[in-house]
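Engineer: Sequence:
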Amino acid sequence: MEVMNGILEGVDFEDFMRGDPKAFQKAFDFYFPIIFRYALSKGAEREDAEDISQEAFTLLFLHRDKIHSSKDLYPYLYIITKRLCISFFRKKISGEKTVKEASLEWSSISLHLEQKINFGELNCILQQIIATLPPQQQEIYRRFKLDDEPQQEIADSMGISRHTVKNHLQVATKLVRLKLQKIYFFLF
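Just so you know, the sequence shown maps onto residues 222 to 409 in this note's numbering.
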């Protein structure tokens, strides 16, 4: 194959068009450094520029039927490489955006999970504190604060006055609050 000023001529171009590996290799050897430098000049890393250049030659080979003369090789490669560079940077930007969005989503999920775990730990601590109350205060506190049962229903079911339920509830709430404050102060 004869290469004149980087252009395949005559019989060699016809071989290239038929898919001859030797003719393609000669075109590759001549144009690859040019295309590679172009991709590098557009800001691609060395490895990425190499991938872009390889892809350009793959597309050249697959679509060689669109080339009508040896003079069309370089312009065709140039345009393919330009489009591949644009596509590469779009994907890169999109990928970075996706990573950023995923990172935000994961941090949100992580925070939510941490809050759930903290809630679970606090709930466990609350249950331990409630367990330290006298039995009647425990039952009244649980039924009113945790089960949202009205004071009158608690009084009726336990056979005590509403005023007694209210007093037990006030004492139990103060004790729970004091113990939670001590633990909160100790933890934070």
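One should not assume that every hint holds.
Claimed, not checked - Pairs of lysine to any residue residues, derived as SDA-like cross-links and limited to a Cα-Cα distance of at most 25 Å, are as follows: (1) Lys-318 - Arg-304; (2) Lys-403 - Glu-360; (3) Lys-395 - Cys-345; (4) Lys-247 - Tyr-297; (5) Lys-387 - Ala-376; (6) Lys-303 - Leu-280; (7) Lys-366 - Asn-339; (8) Lys-303 - Glu-342; (9) Lys-366 - Glu-342; (10) Lys-247 - Arg-258; (11) Lys-292 - Asp-233.
Derived by calculation from the structure, the hints in this document are not laboratory data.
Engineer: All hints, please: hold or fail.
Structural biologist: Comparing the hints with the structure gives:
no. : hint              : in the structure
1   : Lys-318 - Arg-304 : holds (21 Å)
2   : Lys-403 - Glu-360 : holds (23 Å)
3   : Lys-395 - Cys-345 : holds (18 Å)
4   : Lys-247 - Tyr-297 : holds (16 Å)
5   : Lys-387 - Ala-376 : holds (9 Å)
6   : Lys-303 - Leu-280 : holds (13 Å)
7   : Lys-366 - Asn-339 : holds (20 Å)
8   : Lys-303 - Glu-342 : violated (57 Å)
9   : Lys-366 - Glu-342 : holds (18 Å)
10  : Lys-247 - Arg-258 : holds (18 Å)
11  : Lys-292 - Asp-233 : holds (13 Å)
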